[in-house]
Amino acid sequence: MSGRLDAIPGLAPLIAFIALLIAWEATARAIGIEGLPPASQALVQVPAILGDPESLLNIAASLRRMAIGFALALCFAIPVGLTMGRSRRIAAFFNPLLMVIYPVPKAALMPIIMLWLGVGDASKTLVIFLGVTLPIIYHSYQGSRAVEEKILWSAAAMGMGPLARLTRIVLPAALPEILVGCRTGLVLALITMVTSEMIARQTGVGNILFNSLDMAQYDTVYAMILIIGGLGYALDFAFERLHRRLVGWAAPAYDIVVGTT
Amino acid sequence: MNGRALLVGDVLIGLVPIVLIIALWQALAASGVAPPALLPAPMAVFRRLIEQLGSLTYLQHAATTLFRLFAGFGMAVAIGVVLGAAATGSRAMKAGLMPLVRVLAPVPKVALYPAFILTLGFDNASKIALVVADAVFPILLATYQGTSAVEPKLAWAAQAVGVSRLRCLFTVVLPAALPSVLTGCRIGLVISCIVVFLAEMITSTDGLGHLLVRAARNFQTVDMFVPLITISLLGLLLNAGFNALRRRLLTGFPEED
Numbered sequence: 016m017s018g019r020l021d022a023i024p025g026l027a028p029l030i031a032f033i034a035l036l037i038a039w040e041a042t043a044r045a046i047g048i049e050g051l052p053p054a055s056q057a058l059v060q061v062p063a064i065l066g067d068p069e070s071l072l073n074i075a076a077s078l079r080r081m082a083i084g085f086a087l088a089l090c091f092a093i094p095v096g097l098t099m100g101r102s103r104r105i106a107a108f109f110n111p112l113l114m115v116i117y118p119v120p121k122a123a124l125m126p127i128i129m130l131w132l133g134v135g136d137a138s139k140t141l142v143i144f145l146g147v148t149l150p151i152i153y154h155s156y157q158g159s160r161a162v163e164e165k166i167l168w169s170a171a172a173m174g175m176g177p178l179a180r181l182t183r184i185v186l187p188a189a190l191p192e193i194l195v196g197c198r199t200g201l202v203l204a205l206i207t208m209v210t211s212e213m214i215a216r217q218t219g220v221g222n223i224l225f226n227s228l229d230m231a232q233y234d235t236v237y238a239m240i241l242i243i244g245g246l247g248y249a250l251d252f253a254f255e256r257l258h259r260r261l262v263g264w265a266a267p268a269y270d271i272v273v274g275t276t
Numbered sequence: 024m025n026g027r028a029l030l031v032g033d034v035l036i037g038l039v040p041i042v043l044i045i046a047l048w049q050a051l052a053a054s055g056v057a058p059p060a061l062l063p064a065p066m067a068v069f070r071r072l073i074e075q076l077g078s079l080t081y082l083q084h085a086a087t088t089l090f091r092l093f094a095g096f097g098m099a100v101a102i103g104v105v106l107g108a109a110a111t112g113s114r115a116m117k118a119g120l121m122p123l124v125r126v127l128a129p130v131p132k133v134a135l136y137p138a139f140i141l142t143l144g145f146d147n148a149s150k151i152a153l154v155v156a157d158a159v160f161p162i163l164l165a166t167y168q169g170t171s172a173v174e175p176k177l178a179w180a181a182q183a184v185g186v187s188r189l190r191c192l193f194t195v196v197l198p199a200a201l202p203s204v205l206t207g208c209r210i211g212l213v214i215s216c217i218v219v220f221l222a223e224m225i226t227s228t229d230g231l232g233h234l235l236v237r238a239a240r241n242f243q244t245v246d247m248f249v250p251l252i253t254i255s256l257l258g259l260l261l262n263a264g265f266n267a268l269r270r271r272l273l274t275g276f277p278e279e280d
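As they're listed, the protein sequences go chains D and R.
Add 15 to the 1-based position in the first sequence for the working numbering, that's all there is to it.
Add 23 to the 1-based position in the second sequence for the working numbering, that's all there is to it.
Note that these hints are calculated values from the structure, not bench results.
For every residue, glycine included, the Cβ atom is placed at its ideal position computed from N, Cα and C.
A couple of the hints might just be wrong.
These stretches of chain R come out as covered by chain D in the derived footprint (C-beta under 8 Å, 3 or more residues) [what the hints assert, rightly or not]:
id, segment
1, 65 to 76
2, 85 to 98
3, 217 to 228
4, 250 to 258
This is chain D alone, in the form it adopts within the complex:
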């Protein structure tokens, strides 16, 4: 993006967001169907939802599951990905399995996992974990594979053990690529979170969203969409800040990342 819009970071997306709201308002007024209330009506509902303790508990429950699932995925996927990148054997061991798992809709596993673990937190957290793991493994693998061999040789020559080489050389060197995976994973975590709550309605933002749809509270439906969208944007924004702090030294390899279940 060029010119004045760049002067204040976040201004261009803000203008885009306002333009979207105006377009929505205009369309809603022009069509005038019950299923599409004007943006202003939905916006009014947002503070009402955010001020309601029960909805806040639901949102907190969703975020907690997402955080746990994401953290577990990090603990599992990064070591797997890094070792895959350093050993051709291990890569050959895991790659076909990952290829087979890749097109499986993870959130669609929800009904089956619910049979085993019930409708509670455990199954939703597991689904989020499954959804997030794959991109993080993939990017950790790519990052670790690209590490310069010579650095590892010299470290080995100076007596550094294999584990120390992995944590002190491969991990930092692969970090920019790992973070790309984490960003995709974050988007995926949010998607699987909402979807799992739509399928097993008990608590959470997906639950509020679909219950208000069933009860024909259309303002609330659209307000929840705005809140979930805002959540996605805020998480992405926060992650970008963290990314700049952690690997500001590496050239940004991407601008916008998209992902899905």
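Could you slot chain R onto chain D? The hints should help.
Just chain R now, with coordinates in the frame of chain D:
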């Protein structure tokens, strides 16, 4: 070096975890630790899958899913490629489009599904719209990145000999950006496959996703696995088919992952 033997070795190693998982599944089911109502034996699932693939109603459900998938994916390709190329071609387009993409791309699109249901109805249209919303962004961004990475001298050379801007786009810029565009399309295709299934699971009266939910409501565990396996196989097949198409279209381009 014996590269071929190495390759065969790799394939064999890769089969190990898959075989192990199926063996573990079989062992769990056979030992009675997991009752069939919770975890049916792999053979029972496999047999049911074969049986279903021969049944006309099942194939009709699959066809409904495929129709929604391709309708959504086709529209996503058309919109994504046009907008992506336009963002490269015109500064004004880019200034208008990219902030919108920035705002919309990180939004979980499933959350938009209720809005699509309310405005487009419970039928095909809302599901196709969700597929488009999900698949369009990777295609758009890949097209934008691909076309903006094309050597500008190529386009200048074409324009210098009197080729119009539009023709230059179709004969020079897009073909040069093809590898990137096709990568975006492949990601979009797998995404479409997943999303159409999820949409059918959330609200539907037909399609593979609906079959999974119906089986779940009736506690027919075997029938829950079958649509899930079918959609995953479809994803794998489409991905492989697209890769083959990509290799054909890209003969002569330098190889990339």
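Structure-based check of each hint:
1. 65 to 76: violated (count 0)
2. 85 to 98: violated (count 0)
3. 217 to 228: Satisfied; 6 residues make the cut.
4. 250 to 258: holds (count 5)
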